[in-house]
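Those protein sequence lines, which keep their order, are chains D and P.
For the first sequence, counting from 1, position 181 maps to 180 in numbering that gives the first Met the number 0; every step adds exactly one.
For the second sequence, counting from 1, position 102 maps to 101 in numbering that gives the first Met the number 0; every step adds exactly one.
Mixed in with the good hints there might be a few duds.
What the hints assert, rightly or not - Mimicking DSS-like on lysine-lysine, the simulated pairs with C-alpha atoms at most 30 Å apart in a straight line are:
1. Lys318/D x Lys444/D
2. Lys85/D x Lys22/P
3. Lys85/D x Lys15/P
4. Lys422/D x Lys36/P
5. Lys422/D x Lys5/P
Claimed, not checked - Pairwise CB distance ranges (calculated):
6. Asn445/D x Glu150/P: 57 to 67 Å
7. Arg133/D x Trp115/P: 30 to 40 Å
8. Trp47/P x Asn445/D: 54 to 64 Å
9. Leu88/P x Arg133/D: 38 to 48 Å
No wet-lab data here; the hints were simulated from the structure.
In this text, all values refer to a predicted model and were calculated from it rather than measured experimentally.
Beta carbons: idealized from backbone N, C-alpha and C, even for Gly.
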Amino acid sequence: MQSGREPRIIAIDAGGTMTDTFIIDRNGEFVVGKAQTTPEDESLGFMNSSKDALSYWGMDVKEAFPAIVTGIYSGTTIINRLLQRKGRKVGVIVSKGMEDYFRLERGEQTYLGYSYSDRLHVCTHQHNPPLVPRNLVKGVPERIDCFGDVAIPLQKEEAKKAILELLDEGVEAVCVNLLFSYRNPTHELQIKEMAQELIRERGLDVEVYTSSEYYPMRCDFPRANTLVIEAAYAEPSRVHMRNIDARVKEEGGKFDLRIMASHGGTISLEAKDLARTLISGPIGGVIGARWLMDKLDIENAFCTDIGGTSFDLAIITSKEYDIKPYPDIARTLLAIPLVETDSVGAGTGSFIRINPTSGRIEIGPDSAGYLIGTSWPEGGVDTPTINDCDVALGLINPDYFLGGEIKLDKERAIAEIERQIAKPLGIGVYEAASGVVELFEETLKNEVFARILGKGYAPLNYTLLSYGGGGPLHVGGISEKMGFEDVLVPTWAAGFSAFGCACSDFEYRFDASLDLPILPGLPDDAKEGLVAMINAKCASLRERLITEFSKSGVDESKISFTVYLRMQYLGQLRDLEVNTGKEWISGAKDLNEAIDAFEELYSKVYARAARSPELGHLITHVIMAGKTDVEKPNIPLEPLSGEDPPSEAAKGTRKVYRKGQWLEASLYEMGLLKAGNTIKGLSIIESPSTTFVVPPGASAYLNEHLIFHLKTQ
Amino acid sequence: MPEYDKETIEKLIDGKLSWPEVKRMMSSFKDPDRFDKYVQILQDRVDWEDKILLPLGLHLYIVQKADGSRVVKCDCGFEFGDYRDNWKLQALIYVRDTEEKMQEIYPPMMHADPEWVVLREYYCPRCKTQLEVEATPRGYPIIFDFQPDLEAFYREWLGREI
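Starting from the given sequences, assemble the full structure and let the hints guide the process.
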């Protein structure tokens with residue numbers, strides 16, 4: 000069948016339960032496909048999901064794949080392996096005295112990912128099964144000090160003994176993670192050399208990983224974790240990814256599949272360090288937002304993603320998002336850069352309960368997730384959720400949830416809210432439900448407000464971007480009286496995260512700790528020496544970039560390099576990332592510019608008066624990013640029509656309870672609205688994947704790019 | 000409000016619930032009938048009839064006797080006397096106050112200096128079950144762990160008279 004379409008980009012997000020596929024054609028139009036995730040062989044779920052998506056265009060895979068030029072994959076293979084501790088048998092060599100890393104977990108890992116109340120209640124803290132059992136962790140006497148000088152020479156006999164013991168245990172990989180190896184890798188490399196020799200002698204097939212070659216970062220515990228994950232879980236997952244790539248090629252695909260990495264770019268599946276693709280789920284939306292900002296020329300944006308279980312926020316200032324150098328996932332601290340997003344345990348599936356002690360309403364932190372709430376009896380949920388309140392109040396159409404695929408039981412939702420919330424509070428059921436929704440929106444509003452003000456910015460300079468399945472439903476309540484510059488709701492809000500993956504660059508990013516002090520008042524000629532040290536680091540990172548890109552056949556001349564410096568005042572604890580915008584730091588002038596940029600950033604993030612250049616500066620990390628041009632989606636462009644929506648888009652009216660009274664809401668079908676239309680509140684715009692509420696007094700203008708501008712009072 | 004069946008509470012008492020289950024219970028609001036279910040299970044497990052008013056330890060209970068007196072009682076039925084008196088005074092006591100005795104249970108260098116701190120172990124005179132251990136400086140009086148205000152507990156926490 001010939002549909003005349005030309006698919007160009009495919010983005011696949013394999014989640015825990017469902018694999019979403021986003022396919023975009025030359026005109027920026029897109030389809031979303033869904034299929035069950037198949038953890039044993041993700042290529043099955045991938046193909047099914049692609050078939051499902053293409054079926055909307057009446058195409059099959061063999062017809063569509065040859066036309067596709069960019070394919071991006073974001074999967075859960077590595078993280079599933081990590082969670083189930085299903086990986087290769089790995090032995091670890093550490094500086095003597097540090098052998099209990101994985102059992103002590105720096106304390107912090109016993110409560111990572113917990114709710115605030117659980118963090119306070121020590122009895123809930125629990126150690127994880129160790130990443131590496133104690134008998135496979137060997138300490139070797141040696142010490143490099145914090146200046147990179149050898150304080151205790153490597154005891155080679157002890158090192159040899161440790162290696163042999165690990166080989167006797169039958170390990171499949173050896174990781175070497177010594178203190179301060181990022182300052183001076185000599186000892187790690189010596190051990191590596193010895194190990195490789197012993198492995199050769201025994202005729203074994205064991206790989207050796209050193210932290211200085213993979214993750215030359217300070218914070219030796221997160222670095223040890225990351226190195227072990229690389230060796231034990233990421234490397235075996237490469238086979239899975241190659242399978243998917245092979246399936247693509249079988250079906251006629253000519254593109255190389257790239258994988259979404261935590262720093263916001265995509266990398267080849269042959270990349271040396273694959274562990275950096277461990278976390279990618281929550282950042283897709285931020286990348287999509289960043290792309291949208293370019294297209295619409297927005298300077299500052301605040302991203303809000305309301306999903307079923309959580310509320311994710313990210314702030315993008317001057318078109319730059321923040322990077323967290325030591326993030327955590329699955330209760331494990333890591334040393335890989337991650338696009339900074341904050342997550343609050345409040346989504347549309349969050350449970351609502353009355354706290355028996357205080358008699359107050361509590362939202363979350365746990366949620367029904369994809370089981371929606373009591374309004375979906377098949378889900379087996381007994382506790383009411385935010386969804387249930389939205390259904391009860393008339394905001395969600397119970398017969399049009401997921402396009403009617405799931406029928407919701409409004410009566411049951413009302414009965415459960417009545418029984419569990421309204422009665423104990425001694426108020427009416429609608430009063431209770433609207434109170435809950437108000438509290439929910441107020442909570443999210445506070446989170447947004449706190450984050451913008453906390454960084455020293457004002458909402459007036461920011462555009463609020465709302466996406467996720469529940470975003471458009473509550474954006475009215477959240478943005479009200481906040482005074483944002485603009486409020487944007489893309490019509491494809493529900494699939495915005497998968498879409499965001501398709502917008503990412505082909506980009507590698509390598510971080511390295513440096514800890515280089517710049518004393519106050521240092522003359523420029525002395526700075527030249529520092530510049531040489533920075534550039535030495537840059538050169539080695541640049542080498543790595545070139546090697547990685549060459550695996551995908553990208554020549555050095557096609558790569559654009561950028562140096563980032565993480566800096567802080569000497570003696571302070573928090574560093575900030577400065578984009579130098581340069582390929583090299585070519586002299587004291589460039590370094591002075593970077594220092595000025597830091598001062599500027601510091602005064603924005605903290606306060607102008609808090610700047611303390613008299614303390615001197617410290618360059619903590621050097622970062623080299625390299626990217627090359629790839630095809631990205633086009634923004635939809637529709638001809639503008641009149642202000643009034645076409646009559647076929649109108650779907651009648653519905654009674655909605657809001658702030659103590661019943662109001663009549665006009666209903667519209669989102670897909671039938673035309674660019675240029677303005678919808679006045681109170682209106683509800685429905686689509687199969689989301690519901691957009693325009694509050695009374697507000698209006699929503701659908702622009703030529705199919706993005707709503709919401710204007711509230 | 001969470002509610003657990005008797006079997007779950009029994010597993011909780013016996014330490015047979017998985018960690019995620021225990022964690023979920025700890026992180027949720029307290030089930031309002033936990034105390035009564037818990038005490039009922041303990042009551043079913045002992046051979047005697049006296050009503051348990053409050054569990055006092057792993058093997059000890061404050062019970063109400065037919066004559067109205069309230070005494071501390073062991074699993075095995077041994078009675079330590081009025082709950083307002085320290086039951087430890089009626090128990091068998093073993094004091095670890097030398098290096099040798101400490102090293103029966105601790106590796107060398109891993110225990111307190113017996114010149115400074117001693118361990119006192121309390122046993123039931125009848126069934127010889129270990130009931131309590133306390134660590135005190137030498138010569139410190141026997142500690143009276145806990146004397147509950149039973150009336151107030153029942154009235155203010157359980158909402159009923161004892």
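- request: Of all the hints given earlier, name the ones this structure violates by number, lowest first.
  value: 6
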